[in-house]
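**Q** Model the full assembly from the supplied sequences, consistent with the hints where possible.
Single-letter residue listing:
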Amino acid sequence: MSFLDISNVSKSFANAAVVNRVSLEVARGEFFALLGPSGCGKTTLLRMIAGFETPDSGSISIDGETMTDVPPHLRPTNMVFQSYAIFPHLNVFDNIAYGLRKEGLSKQGLRAKVQAMLETVRLEGLEGRAPDQLSGGQRQRVALARALVREPKLLLLDEPLGALDKRLREAMQVELRALQRKVGITFLLVTHDQQEALSLCDRIAVMDQGRILQIAGPRELYEHPNCRAVADFIGEINFFHASVRQIDQTTVTVNAGLLGTLTLPRSNLAPGIGLHDHILLAIRPEHIGFVDPLKGMLTGEIVDANFLGERSLFHIRIAGRNQPIAVSSSATPPASSVHLAFPSEFLVGLSSD
Amino acid sequence: MKNRGLLIYALAYLAFLYVPVLVLPIFSFNNSEFIAFPLSGFTTRWYQSLMDDSAMQHALGNSLKVGSITALLATGLGLTAAKALTRNRLRGGSAALGFISLPLFIPDIVLGLSLLMVLGWVGLPLSLAAVVLGHLLICLPFALTVLIARFEGFDPNLEEASADLGEDGWMTFWRVTFPLMLPGISASLLLTFITSFDEFLVAYFLSGTEATLPVYIWGQLRFPERLPMVLALGAIILTVSVALVALAEYVRNLGIKKATVGA
Numbered sequence: 002m003s004f005l006d007i008s009n010v011s012k013s014f015a016n017a018a019v020v021n022r023v024s025l026e027v028a029r030g031e032f033f034a035l036l037g038p039s040g041c042g043k044t045t046l047l048r049m050i051a052g053f054e055t056p057d058s059g060s061i062s063i064d065g066e067t068m069t070d071v072p073p074h075l076r077p078t079n080m081v082f083q084s085y086a087i088f089p090h091l092n093v094f095d096n097i098a099y100g101l102r103k104e105g106l107s108k109q110g111l112r113a114k115v116q117a118m119l120e121t122v123r124l125e126g127l128e129g130r131a132p133d134q135l136s137g138g139q140r141q142r143v144a145l146a147r148a149l150v151r152e153p154k155l156l157l158l159d160e161p162l163g164a165l166d167k168r169l170r171e172a173m174q175v176e177l178r179a180l181q182r183k184v185g186i187t188f189l190l191v192t193h194d195q196q197e198a199l200s201l202c203d204r205i206a207v208m209d210q211g212r213i214l215q216i217a218g219p220r221e222l223y224e225h226p227n228c229r230a231v232a233d234f235i236g237e238i239n240f241f242h243a244s245v246r247q248i249d250q251t252t253v254t255v256n257a258g259l260l261g262t263l264t265l266p267r268s269n270l271a272p273g274i275g276l277h278d279h280i281l282l283a284i285r286p287e288h289i290g291f292v293d294p295l296k297g298m299l300t301g302e303i304v305d306a307n308f309l310g311e312r313s314l315f316h317i318r319i320a321g322r323n324q325p326i327a328v329s330s331s332a333t334p335p336a337s338s339v340h341l342a343f344p345s346e347f348l349v350g351l352s353s354d
Numbered sequence: 008m009k010n011r012g013l014l015i016y017a018l019a020y021l022a023f024l025y026v027p028v029l030v031l032p033i034f035s036f037n038n039s040e041f042i043a044f045p046l047s048g049f050t051t052r053w054y055q056s057l058m059d060d061s062a063m064q065h066a067l068g069n070s071l072k073v074g075s076i077t078a079l080l081a082t083g084l085g086l087t088a089a090k091a092l093t094r095n096r097l098r099g100g101s102a103a104l105g106f107i108s109l110p111l112f113i114p115d116i117v118l119g120l121s122l123l124m125v126l127g128w129v130g131l132p133l134s135l136a137a138v139v140l141g142h143l144l145i146c147l148p149f150a151l152t153v154l155i156a157r158f159e160g161f162d163p164n165l166e167e168a169s170a171d172l173g174e175d176g177w178m179t180f181w182r183v184t185f186p187l188m189l190p191g192i193s194a195s196l197l198l199t200f201i202t203s204f205d206e207f208l209v210a211y212f213l214s215g216t217e218a219t220l221p222v223y224i225w226g227q228l229r230f231p232e233r234l235p236m237v238l239a240l241g242a243i244i245l246t247v248s249v250a251l252v253a254l255a256e257y258v259r260n261l262g263i264k265k266a267t268v269g270a
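In the order they appear, the protein sequences are chains X and P. One rule links them: number in this note's numbering = place in the first sequence (from 1) + 1. One rule links them: number in this note's numbering = place in the second sequence (from 1) + 7.
Mixed in with the good hints, there may be bad ones.
Stated by the list, open to error - The calculated lysine-lysine pairs, modelled on DSBU-like cross-linking and capped at a C-alpha distance of 35 Å, are:
no., chain 1, residue 1, chain 2, residue 2
1, P, Lys90, X, Lys103
2, X, Lys108, X, Lys167
3, X, Lys167, X, Lys103
4, X, Lys154, X, Lys108
5, P, Lys72, X, Lys154
Hints listed in this document are in silico derivations from the structure and should not be mistaken for laboratory results.
**A** See below:
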């Protein structure tokens, strides 16, 4: 049995299904993300794990214990709220010590424990500050410290970095990852930021409209999305209509219209696709290459170029296709007329619906 | 000057609001039984005679008692109602709020009359306890308004965070809800106390032989020679009322500043 076991959990508000028969397993010590657009049900799922919402059906168990009848204050979880929910009437020390009342620590014991946690989240010297004297990043750390000091089995993070500016967010991502390795607690992160999920987490569940679309590691998710919605949500991607012509032991042959007939690894085809099916071929902008006229599969015109520092993102118009093709490259082509190559190992076949 | 007209308007506005009220203190220090200009000299004898008036002091004691008990009851009941109305997805919540607020719109004389009849049917004697019940009706909407505004001003996640950190509902109330509600609770206590303390009509109907201060004052108006003393009493009540309301506002604003510390 896995550490966190969510099985067939559903929840509706006012007859609208917010979480729809979700099943999920998270291993002990894992850094796991629930990723999806706002309103996809990820926060409701998190709140059901914390006990703030009750599932209409299904069960949640943590470390082998069923949580159905356990109220929030007795669950082995702690949460970092999106709003941080720092107690405004208590200073930093008292906020962090809030959840330690029942542990019966001596005054020195309590002080030592809070002090150690202040060091872990690098807030030394700020214990006397009132919450309104803290920056956003510091408040975020207080929220983290307050939850971690209770040594929960499972730490729940609800968009914890959403309120921070970009630089601070990136710095906190690095810290959060390091912190998770250090404390070894299972982290469950809810986010709508795919870059955050990809860079932080061991595994990611992509959610949409109350359902889980795919659960996979970051690289797998990025390179082998199992459906159009996941491919679309995780980074930029180009789609081409195609149909399956032949399925062999290790390869698949597809007819991809403008791209001609292509042979790709069979593992690049999403499960459930059969012979003659209409499919979408997906390829990331950075996997399309600018090549010599002889090696090119398509010829097009650059209509837009965005310099992004290390790389540039080009939009290329192709005769016979409405949607420009997005290509990301570190090289800048010498002329606006370019020739593109689509390496077949990076083409992924997805169901078209 | 362009703002001249506006200034005059503002001064006239303030005069309209406060000159009638200021007449009270002025005549309470006037050395004459007749309430008329010109003033005939400064005296504190009206205040002196207040000190010697034991019936007045008894009425004052009654009013303080009724005011305090009403304030505590209204604020206590208001607190639980406000929490239920703001924190729970309550069916019929807005209807309940409407019904609790309704006494605001019922004329006090109607309220007083109906309460008088109901007390008669139930067989309860006219007493200060009856006045408290009547005042509770009047004060509850005020308490509820102040307390709901306060509940809406603080993040419900704070109470969830407390539960998440291991505290049950009871301890969460004492460690988070109560301290954060305290400014609202104080404001509600002061406001309902003043409302009850100043209330006349319902008290007039229900107090029986135990007069509250406004009822006592009303009784004194039959004796012209006692009028300056009543003015002195009015001046004192006015000063204390203004001070209490100002204090309530101050405390409330103090809390609003604190509770808006969020992400």
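**Q** Look at each hint and say if it fits the structure.
**A** The hints, checked one at a time:
1. Among the hinted pairs, P/Lys90 with X/Lys103 is consistent with the structure: their alpha-carbon atoms are about 26 Å apart, no more than 35 Å.
2. Of the pairs offered as hints, the one joining X/Lys108 and X/Lys167 is violated, with about 39 Å between alpha carbons and a cut-off of 35 Å exceeded.
3. For the hint pairing X/Lys167 with X/Lys103, the CA-to-CA distance comes to about 38 Å; that exceeds 35 Å, so the pair is violated.
4. Distance check on the hinted pair: X/Lys154 and X/Lys108 sit about 25 Å apart at the alpha-carbon level, within 35 Å; holds.
5. Under the criterion of a C-alpha separation no larger than 35 Å, the hint pairing P/Lys72 with X/Lys154 is inconsistent with the structure, at around 54 Å.
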